[in-house]
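Visitor: Residue 1 is where the sequence shown starts when you use this note's numbering, and the numbers rise one by one after that.
Honestly, the hints are just simulated from the structure, not real lab data. All the pointers check out, no bait thrown in.
Cβ pair distances, simulated, as ranges:
hint	residue 1	residue 2	range
1	A56	G23	17 to 25 Å
2	V10	V46	15 to 23 Å
3	W36	L5	32 to 40 Å
4	C11	F44	17 to 25 Å
5	V34	R60	37 to 45 Å
Quick reminder that beta carbons are idealized off the backbone N, C-alpha and C, glycines included.
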Amino acid sequence: MRKSLSVLVVCAAVLLSVAGTTGFILLFVPRINVYWIILAPVIFAVYQIPAVIVYALWKRTRSKEFAGPNDSQVPVTGENDEPPIDPE
Numbered sequence: 001m002r003k004s005l006s007v008l009v010v011c012a013a014v015l016l017s018v019a020g021t022t023g024f025i026l027l028f029v030p031r032i033n034v035y036w037i038i039l040a041p042v043i044f045a046v047y048q049i050p051a052v053i054v055y056a057l058w059k060r061t062r063s064k065e066f067a068g069p070n071d072s073q074v075p076v077t078g079e080n081d082e083p084p085i086d087p088e
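Whenever a hint applies, use it, and build me the whole structure from the sequences.
Guide: Here it is in structure tokens:
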């Protein structure tokens with residue numbers, strides 16, 4: 001992923017997080033009561049789901065870029081070798 005696209009994806013995740021926080025504040029804080037205080041963490045988490053998904057996808061593509069070779073490309077050694085001889 002190019003650097004500029006990577007920065008845009010991270011900015012999109014931040015903007016989605018801010019939008020979720022703003023939506024939560026505008027919709028639930030004005031009429032808060034005990035019932036809403038109990039449910040507030042769940043509702044807040046639901047509003048943050050889009051930001052988490054965008055961030056997780058960005059992180060997955062970034063980790064694939066920096067990952068080493070696949071297991072299929074790494075030569076396996078020692079499969080048919082004799083076991084080490086005990087020096088005693």
